[in-house]
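Model the placement of chain B on the given structure of chain A, informed by the hints.
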Amino acid sequence: MIAFNKYYNQFNIFSISLVVISLFLLTFKGLNFGIDFKGGTLIELRSTDSIINVSSLRDNLNSMNLGDVSVKNFGNETDFLIKFEINNNKNIIGEIKANLDKSFGNTFDFRRVENVGPKVSAELLKSGVIAIAVALTLMLIYIWIRFEWQFSLGAILALFHDVLVTLGLFSLLGLEINLSIIAAVLTIVGYSMNDTVVIFDRVRENLRKYSDIKIYDLTNISINETLSRTLITSITTLLALLSIFFFGGEILKGFSLAMIFGIIFGTYSSIYIANTVLVRLRVSQKTVLRDDESN
Amino acid sequence: MLYFSKFRIISVTLVSLFFILIASSNLFKFENNFLNKKINLGLDLQGGSYLLLEIDNNPVIEQKIQNLSITIRNYFKDKNIRIKNLKILGQKLSFSVDEKFKQTVLDTFNDEESELNPYYPRFKSHQLDISEENNIFFVNYSTQGIVKLKTSSQDQALEIVRRRIDEIGTNEPNILKRGNDRILVELPGLDDPMRIKSLLGKTANLTFRFVTNNDQDSFGAEKLSYEDESEEAALVSKRIILSGDNLLDAQPRMDSETNETVVTFTLDRVGAKRFGKATSTGIGKQLAIVLDNKIISAPVIRDTIASGSGQISGGFTFQSATDLALLLRSGALPAPLNIIEERTVGPDLGQDSINAGMIALAIGFVLVIVFILVKYKIFGLITNITLIVNLFLLIGILTIFEATLTLPGIAGIILTVGMAVDANVLIFERIKEELKNEKNNLIAFDSGYTKSRTAILDANITTLLAAIILFFMGSGPIKGFSLTLGIGIFTTLFSVYFIARLLTVLYVYRNKEKEGLI
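Top line first, the protein sequences correspond to chains A and B. Quick note on numbering: the first sequence equals residues 606 to 900 in our numbering. Quick note on numbering: the second sequence equals residues 218 to 735 in our numbering.
For reference, chain A alone in the conformation it holds in the complex (with noise of 0.2 Å):
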């Protein structure tokens, strides 16, 4: 049996380290929202000539007047990013074609573009907000109904603390969002919550069984009991998403990324925080017996 319960003060502090950093980036540092949530136009392109790089293009395009414009290789060397902000000019992907046409030659395929307006920027992001907002009050409110207000609390923290520190890591790198991380934000409080509500299970069930160890031993040997199921649903689960992060090309990497973290993130929680809430507010037995006779 392995002694998580030795660690839970420093592992405590470890997260909400975390949680503060991820606060702290989060104000200031802020987020790297995509044209999804900001508005603007992206466009992907594949040269058929290998000699064009990111700066000759960069240059090209920064004589458009496009104002920011950021360009950078899209997976390899002959495929390009760029993006830019919103344009009020109707026909600017034309412009822009015709421009790169007669600077490099008829060597640019327009593989994807993207163009989002300032409303439909707005709208996506409080809808993207609303998502979450919804999901974790749908989460509380199941697990409310599911168990005891400690054990609710518990996974809310968790919950919460898995969330902040993966946007706070994307913060952190400067990796992009957009809608496709709402999705795996959403996910991961899914999967957060599933594997703290297994340990919990365990937790309650042992409640009733033993009415002489106290939680700090009982989390453990919970912990411990649930042990291989977490490990291995969390290996398959992370071998699946390496594979999308690796082979699954590249719109699907900030996903596969940010599902990777919160992964490891909800495995992590669901040990460290999701526990050691049921310890600091001195579960015991009577906790769940007063609720199994209040049934």
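To be clear, the hints were calculated from the coordinates, so they are not data collected in a lab. Note that CB positions come from ideal geometry on N, CA and C, so glycine has one too. Hints are supplied without guarantee of correctness; some may be wrong.
In silico lysine-lysine, DSSO-like type, Cα no more than 30 Å apart, as pairs [unchecked claim]:
hint, chain 1, residue 1, chain 2, residue 2
1, B, K649, A, K819
2, B, K440, B, K394
3, B, K668, A, K891
4, B, K367, A, K731
5, B, K653, B, K594
6, B, K729, A, K814
7, A, K814, B, K367
Derived coverage of chain A by chain B (criterion: at least 3 residues anywhere in the stretch with Cβ under 8 Å from a Cβ of chain B; other residues may be distant) [what the hints assert, rightly or not]:
hint, region
8, 688-699
9, 858-868
Okay, now just chain B, sitting in the frame of chain A:
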């Protein structure tokens, strides 16, 4: 728990076979219509354009308010009430009347039977709101009036958009209303949306009006510039001789005399009559052909044209003449459309995404299968068989409903593969624990299944909640993700509780006495 009736075994097998058959119809062609279904590929996988158009209703409202000013003046004139200081303030009207008529005016507007101000009993609201301040009346569209107006302009715009897209002839376009002032257009397989975008961006409001040389024209006049800026702006009367509504047909043609591309048009009966009259009285005058407030050309009338047909020249290329003819045939939009969101994926990127998605699925699948096999041996094999059937079930259900598969949707399938083993793992781990205290394999397996049930249910409900929220909040590709993730939960539960359990039961019964079974 561990008992399976013959009937159940047969039905589980049949259901599984059925879905395998359905799922494989994506690869093979079946003669049978029911089986010959395929998963729809989303625009991000097959390539195509997604355009969200917003109708700019402000010009419509302003126009309606202008018309209303005339209506109000005439209406009260008949009742011998003089409307004074009638002013149009954008989307509002203001006027005043003599003190003694004030109540009459208010009553006229607030009467539920009012002809001037229609009442919508369903919404308990009039079309127009009237308010009074310092003896000045203000009239504007009520919230409900605006809604009605928007819905009707959306209906018209949808029809025109559909006609224009049909004329271009893209395959299976999807044109849908969104809210009350938006139209969603999905054009699968369209590589270059430039032309469609420019066609949808034009209101195509065509008018024929005389060029005048004084602004004392009784209808008023306005200065309009030329489309190709070849000539100085000209003063054009506001009196409309003909509009696009009078057009029956328009076609691009090569004029054999001048060797110029022109657009020929045919007018309806009313139009032909008016055109004939205007051309007979206006010989020597310039008739401006105005499209969206730009003059295309303004030829001098030489003869009376009574045939009801004519041609528009204006330095067209064959492409621009074709497009103009198309716009004229399909009619004018009630209001300008703005493209507020565009997402276009080229077909080769779509194919690349499919390939990458399939490779990721295959590799993810193999990794999970090998890991589980190493970890659980014979029960790993059972889990893996379940996983394969699960995948067929998931694809089969998507196929039956002809659901749309997107790139995030493929990610959802891969994720399902990773998470689907969770239920089996929960069960097997529980059985292992039970076996520590219980020597009878059958009892241990039975209680393993029973005791793990709540945890499995919990685990899946939480993921399902997340998927449901995503389905209702998400758009396009994200919806595809929530769909596969959500359906994946049900297929996982089915395959775990029916297929995996059946296989487990068969194995455990044969090895009742064996120790260290799992």
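ask   = If you draw a straight line from the CA of B/K729 to the CA of A/K814, is it 30 Å or shorter?
value = holds, 29 Å
inquiry  = Would the hint linking B/K653 and B/K594 be met if the CA-CA limit is 30 Å?
reply    = holds, 19 Å
Satisfaction of hint between B/K367 and A/K814, Cα-Cα up to 30 Å = violated, 65 Å
inquiry  = Checking one constraint from the list: CA of B/K367 to CA of A/K731, max 30 Å. Satisfied?
reply    = holds, 24 Å
query = Count the residues of the region 688-699 of chain A with a beta-carbon closer than 8 Å to any beta-carbon of chain B: does the count reach three?
reply = Since 4 is at least three, the answer is holds.
request  = Count the residues of the region 858-868 of chain A whose CB lies closer than 8 Å to any CB of chain B, then report whether that count reaches three.
outcome  = holds (count 3)
query = Would the pair B/K668 and A/K891 pass a check requiring their Cα atoms to be no farther apart than 30 Å?
reply = Roughly 22 Å between the alpha carbons, so the hint for B/K668 and A/K891 holds.
30 Å limit on alpha-carbon distance, applied to hinted pair B/K440 and B/K394 = violated, 36 Å
ask   = Given the proposed pairing of B/K649 with A/K819, does the C-alpha separation stay at or below 30 Å?
value = holds, 25 Å
Figure legend: structure checked against the earlier numbered hints; hints not met, in rising order: 2 and 7.
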